[in-house]
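Asks: Protein chains in written order, with numbering that gives the first Met the number 0: chain A, 0 to 435; chain B, 0 to 435; chain C, 0 to 435; chain D, 0 to 435.
Bear in mind the hints are in silico, worked out from the structure with no lab data behind them. Since we're looking at a predicted model, the values are computed, not measured. Wrong hints could be hidden among the right ones.
When chains are identical, the list treats them as one kind, so a pair holds in a single copy or across two.
[To be verified] Under the rule of at most 30 angstroms between Cα atoms (straight-line distance), these lysine-lysine pairs were calculated in the DSS-like manner:
1. K79 <-> K44
2. K142 <-> K44
3. K142 <-> K174
4. K342 <-> K44
5. K174 <-> K246
6. K142 <-> K246
7. K342 <-> K246
8. K342 <-> K174
9. K368 <-> K246
10. K342 <-> K79
11. K342 <-> K368
If you want the building blocks of each chain, they are given just below.
Protein chains: 4
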Amino acid sequence: MNIAFAEDHESPSVAVPLESSLSLINSQESAVRSYCRGTPIVFEKANGSCLFDESGNCYIDFLCAAGSVNYGHNDPHIKKSLVDYMTSNGVLQTLDFATGAKAEFLRKFRDIILAPRQLQYRVQFTGPTGTNAVEAAVKLARKHTARRPVVAFTNAYHGVSLGALALTGNQSKRKAAGVSLGDVIRLPYDGYLGASVDTAELARTLFNDPSSGFDAPAAFIVETVQGEGGLNVASAGWLQSIARLAKDLGALLIVDDIQAGCGRAGRFFSFEELGVTPDLVCLSKSISGSGLPMALTLIRPHLDVWEPGEHNGTFRGNNLAFVGASAAIDYWAQGEFELGIAKRATMIETVLREVCIQHLEGRARVVGKSLFTGLRFEVPQAAERIRLGMLRRGVLAETCGPRDEVLKIMPALNIPENLLVQGLEALTASAAEFAD
Amino acid sequence: MNIAFAEDHESPSVAVPLESSLSLINSQESAVRSYCRGTPIVFEKANGSCLFDESGNCYIDFLCAAGSVNYGHNDPHIKKSLVDYMTSNGVLQTLDFATGAKAEFLRKFRDIILAPRQLQYRVQFTGPTGTNAVEAAVKLARKHTARRPVVAFTNAYHGVSLGALALTGNQSKRKAAGVSLGDVIRLPYDGYLGASVDTAELARTLFNDPSSGFDAPAAFIVETVQGEGGLNVASAGWLQSIARLAKDLGALLIVDDIQAGCGRAGRFFSFEELGVTPDLVCLSKSISGSGLPMALTLIRPHLDVWEPGEHNGTFRGNNLAFVGASAAIDYWAQGEFELGIAKRATMIETVLREVCIQHLEGRARVVGKSLFTGLRFEVPQAAERIRLGMLRRGVLAETCGPRDEVLKIMPALNIPENLLVQGLEALTASAAEFAD
Amino acid sequence: MNIAFAEDHESPSVAVPLESSLSLINSQESAVRSYCRGTPIVFEKANGSCLFDESGNCYIDFLCAAGSVNYGHNDPHIKKSLVDYMTSNGVLQTLDFATGAKAEFLRKFRDIILAPRQLQYRVQFTGPTGTNAVEAAVKLARKHTARRPVVAFTNAYHGVSLGALALTGNQSKRKAAGVSLGDVIRLPYDGYLGASVDTAELARTLFNDPSSGFDAPAAFIVETVQGEGGLNVASAGWLQSIARLAKDLGALLIVDDIQAGCGRAGRFFSFEELGVTPDLVCLSKSISGSGLPMALTLIRPHLDVWEPGEHNGTFRGNNLAFVGASAAIDYWAQGEFELGIAKRATMIETVLREVCIQHLEGRARVVGKSLFTGLRFEVPQAAERIRLGMLRRGVLAETCGPRDEVLKIMPALNIPENLLVQGLEALTASAAEFAD
Amino acid sequence: MNIAFAEDHESPSVAVPLESSLSLINSQESAVRSYCRGTPIVFEKANGSCLFDESGNCYIDFLCAAGSVNYGHNDPHIKKSLVDYMTSNGVLQTLDFATGAKAEFLRKFRDIILAPRQLQYRVQFTGPTGTNAVEAAVKLARKHTARRPVVAFTNAYHGVSLGALALTGNQSKRKAAGVSLGDVIRLPYDGYLGASVDTAELARTLFNDPSSGFDAPAAFIVETVQGEGGLNVASAGWLQSIARLAKDLGALLIVDDIQAGCGRAGRFFSFEELGVTPDLVCLSKSISGSGLPMALTLIRPHLDVWEPGEHNGTFRGNNLAFVGASAAIDYWAQGEFELGIAKRATMIETVLREVCIQHLEGRARVVGKSLFTGLRFEVPQAAERIRLGMLRRGVLAETCGPRDEVLKIMPALNIPENLLVQGLEALTASAAEFAD
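Could you build the full structure based on these sequences and the hints that come with them?
Replies: Okay, structure coming up:
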């Protein structure tokens, strides 16, 4: 057998560009680009919690690609598995054919993630983006219940493909749809109407009234911590009320754990200690362990009513991502990994509280949970100014919330403690600078 | 700086599974899985046009993951670039921050792909799936025109997220939406109503009549060759008519080149010799060169009316895919690559015609174009029976079309000739067997 | 019992207006008013086929309020029944309580209209507008089939409330919706694509193809003659094909007989001699015999799956209209009435053909059927110019069609022959004038 | 001129039916009929506040056809104008041609209704049903703002054509749509979440948050008293807050005064003393004075952006209704009419409060306002049982509310006092009977 065609092929010599990477990107990439505008740095390499620019300067990563590299960049254990797989000609892309890499992932996911947590889910490999996992979950809920509306909450973020966008709260992104975003019932999230209003009870009132205009939904979709929405945290009690209401209405409970899952909120699943067992769970971002695209919809077995191929997509067989995912799961076989998260969370919280007291005096408060945390400011611009201060000090962070009024601190779950300290010092200094 | 946490970490020893990969997949993966049902083989490794199962048997790949590995599996040139990037700690995942890998891709895409073809497009990196590139294109068209309806054609396949699914024809996939698939005007594709009806003229009639009920659209979205729809080929004349109609109506022309592009239909873009210049082009599948997820929406510069971040998605910074994409573009710097495609296309067409004449006598005809080709059978089951015959003979192919009545032949663009011959012999033998 | 309150009440003396009726209407009525713009005449009284303006001038009525006064204005037999009912304190408005007037109508409708035609329908009294009858029919079809899409045809007109508007073709009216008009599949009407394309066959092709993108519909809704759409006539063969297709697909056949029914197309129901029995029929306009608002949805008994009150509306108990309707039905007890229609139809057709030959030489052709007829011109403005010529000569007619290119001739079914002749003479003279 | 055709025509002799009116209705009318089920009485004649059955028994009317005969049945002054108009061959039906009857109505409506209240509105004659007036208002708001969503409130009732149904809260009616009811934002009405939650403030919070998921609306549509929803009354303060919010958002305020208007809530417009001036007002039900179908959309002049004919409908020229409407307006020229309403309202309220105290002890409370009032019971069945008690005593009333838990008392605005007393005695006796 002769497969020499490709190997014989010489890499063509192309003229070395004189233009800078940044000018090239600015002239060639669509106006839709966003992060690169506020952070005009060209990243080349990355190692753990360090991102390196073209000149080799390290930026401490307090963003983790919006929670998609929770294990740090190029984690040695994960990276080794990827390189080994590639060098041994492991199959990369196979639609949804069976592969050893997929089987290995499924086995580890069952044995190390699901079984110890007494969870039973069938795994759907959707197209490898969070929005696709959400589309699949919502479709399945509608199919199972033969109902159309899905409940989503204020400040929710679930993606930008049309089905997911209908669930997303952000108005500028919604407006981009150009068409109606229907079949969604929007309700206030936990705490949205202040401490005195139990919004789960409000939801129950609306659905129990046969002329409220709130039709029985196919599902409730909820983030236990709203990342883009401003690090709002749902209480266990509220989530349980929503879960009960869903059950009473014959609706499914979908937890969108795309950002809060994979350890970000302290446990592998964000809902582990909250007393609810979702019917469907969406996972993506850090599930591949490496930042490679991958997404899953977990389905309680009796709800797995899909017909073969009913929801498909070319890249749902991204085997390299499966390999990284299997390697990442190894970390969860040991309790120490969660202890490490908790320790770092405490370090951050201590500093954030101190910063609030020392420098921000009532102008900000600590929000979020575990390593999914930050500061919410009264004044929208404050968060951005502190972000820029941190950037000048070599720390990459981001803002979130309806008006970008929240400074988001999302380091790797395994960030070395010295880097974490260093990054937090930059935060403190930037806050102090801002406060002056 | 101490980043030892991860490195110190031992891979945990997990019990070796006794269960087979296939049984594991069947018990753990959702019922939605499809390809693995008709081809109960576990693939482990892949090299060029060979897929290897667990026992090391080679299957000649006439499917190429639905056109997403057009350069073969683990093409040495592309693979080397990926491994080098990873081993040197190239940054893998960066949202849409600027990276050297992205800049390099943009430069090569401009200099080697766009410029020689006199094309000018801004590049939008959408979420790395074809359906997402379609969602972005359709949103942008609606935004630009402030209109809602988009024209899609019979037998079209554009993806399964809600916005793309509305454009897709397949009824079982449409039904899974569970909600109305609105804001789409469906029209018959070229040739759909037989040779005597010019369906572009029909479209013009409908849109010119102010009480036809066909509202002026934001865009026409079209595949130049309908892959999933059964390898239907649009003529240059028809496409030009549609392009003119779109222009006359103030609508955009979107070419979904996700499957037909990247060389599959003979040229890098499938529309290159058809006399049309689309306003927007969707690319995915083989754009990364490696089967890694990646997707682009190309935008004529004056139409790039996006606000920053208006359409986003975590994995639009899949740098490893950019690296593979840059390597793959190298092949297009030389005219020989296209000659190689043409040569293989001729080899296939010759055999297909011969098979029709010798064995299928009027029960099938050759359809499609270049390496995006196959046989359409009168009887739906025929294609599947021949596919199974080929599988038994070690060749992987698939069926497509409304009733799976088309046997699809999609080898790598650089498949070694001996493997191509071998695969076609298996096809001939399977057809002969069927005919008996 | 003392009900003197109202009787004791004096009509207040209000100052006599100095402003003209027309200026009052132009200043007080919304800009949406339309007919009164092209015909700036204030009508006061009406008798049979004469409309009288403020000065007592008679206009021969070739419009019949768009077919809603098919028996002429203030037909003595009908008017007598109305006045008698009112003067005897017959109850006028009763929601859908049982009344003697309703019972009388139902009896006559069953015995004189349905039974002799071997038709069996339950009668739904919808809100008293055609659009409401259409809304009810479409809802019921969707309920019965549990499907969403309804097929409507090019140039269809079914009303302007949102559900009906989605079925209507007219783009300016559609645009006024401001939202998507979904869940409708638009297909070409009989003859729309020229004589060589059987559009019923085309519909079958589309619905039989599982990836055409045409989902199985709840119903087909069709006008046997499209009034607003330009007096297009469906052939019996085409209607039968559509009826068969609907049946094969498990969809209902709805005939919108609002304008073509009540004798306008020659028989009580327009479909009587066309070999189809619709599942649902919408009637309105002339059903009340008097121009008073009334609308019905007729339902084949096994399809009457409504829950009580599921579709309601205050004015569905417009008893005065029922009284007029009962009186009008009397005319249908005798065959002579239909003979009278036929005789008038022949008189009109003869003149129209003569006009085409003598004066319009290929610039117009006779369209429509029976007393639902007219001339279609090549040039849109022609019809309007002739309409104005007729108006100057004391004859009221209207234009219709996508570009108002059709002059519509719709006299009362019982128009006195001398008035018909006089009106047609005005038409001939106006056409001659135009031709010069 | 010879118009003898109709006059010569003999009324045919049809066999006298042996079947009862009720059995005829039950066998011939659709299953959708509702009121006639709970009140199996055939009404024949009506005079003021008396409805007479086939045997001549009087039923005191505490329902007024859901508020569509506010002046009583066959009010002598109104009836005389109708009969005079008909006997003098007044034109009945004229699409939207100018007529003297329309001009007279517009003049009186301007001079007697609008001008004294310092209101300026253009009048749109929509199709003569409330639902059509709502469809027109919502279309116009969407056209003016170029936005899609409209805010409607819990327990709202705005009609059942598709556009209006989307605004209506009742779930059984909503379900009958069979399709998504989109482009509506549902918010809680005044008091819906208890006294402690200001739902107007809640609305402001939601619309001010750019990621709440609540898009800026085209309009807020509100009933000042929710009739079908259970006689819920909006406070002046809440309405003013909603009006301010609408203004701040660039949205229109639509008051659906179809049931609460025309004097039902004490003034001609229900919003007269509430400190708001709606942008659009929907009127129907009693606007014709007679129960004849008629509906208006009132438009603040600068918002009258309709194109001619953009919203049409055959029966918008129901001249007989205009004549009745003009006669009814006479009553409003004098202050005494409103005094008469107030007096009757006090009589009713006194009795209702007494009934609550004497017989229902905390099981019911008085709800509503003016002559749009009733009793809300804790137990749903109570209202129906008392309604039946009243019916046995010769008084016609109805129930409303999400679970039919409200007994609705809606006598004519001019009900003779002795009949009112008699009806209220029946109510008291029925309540006492129920309480035992």
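Asks: Pop the pair K342 and K246 into one bin, within, between, both or neither, using alpha-carbon distances up to 30 angstroms.
Replies: neither (36 angstroms within a copy, 51 angstroms between copies)
Asks: With identical chains treated as interchangeable, where does the CA-CA distance between K342 and K174 reach 30 angstroms or less: within a copy, between copies, both, or neither?
Replies: neither (41 angstroms within a copy, 48 angstroms between copies)
Asks: Tell me, please, which holds for K342 and K368 at an alpha-carbon limit of 30 angstroms: within, between, both or neither?
Replies: Result: close within a single copy only, 13 angstroms intra versus 60 angstroms inter.
Asks: As a check of your reading, is K79 near K44 (CA-CA no more than 30 angstroms) within one copy, between copies, both or neither?
Replies: Both: 16 angstroms inside a chain and 17 angstroms across chains, each within 30 angstroms.
Asks: Treating 30 angstroms as the Cα threshold, decide for K142 and K44: within, between, both or neither.
Replies: neither (45 angstroms within a copy, 37 angstroms between copies)
Asks: Have a look at K142 and K174 and pick one of within, between, both or neither, based on CA distance no larger than 30 angstroms.
Replies: Both: 27 angstroms inside a copy, 9 angstroms across copies.
Asks: Please work out whether the CA atoms of K342 and K44 approach to 30 angstroms or closer within one copy, between two copies, in both situations, or in neither?
Replies: Cα proximity of K342 and K44: one copy only (28 angstroms, versus 41 angstroms across).
Asks: With identical chains treated as interchangeable, where does the CA-CA distance between K368 and K246 reach 30 angstroms or less: within a copy, between copies, both, or neither?
Replies: within (27 angstroms within a copy, 39 angstroms between copies)
Asks: Measure nothing new, just compare the shortest in-copy and cross-copy C-alpha distances for K142 and K246 to 30 angstroms and report within, between, both or neither.
Replies: Cα proximity of K142 and K246: in one copy and across copies (16 angstroms, 26 angstroms).
Asks: Given identical chains, is K342 near K79, meaning Cα to Cα at most 30 angstroms, within a copy, between copies, both, or neither?
Replies: Cα proximity of K342 and K79: one copy only (27 angstroms, versus 40 angstroms across).
Asks: Between the shortest in-copy and the shortest cross-copy C-alpha distance, which are at most 30 angstroms for K174 and K246: within, between, both, or neither?
Replies: between (32 angstroms within a copy, 21 angstroms between copies)
Figure legend: structure checked against the earlier numbered hints; hints not met, in rising order: 2, 7 and 8.
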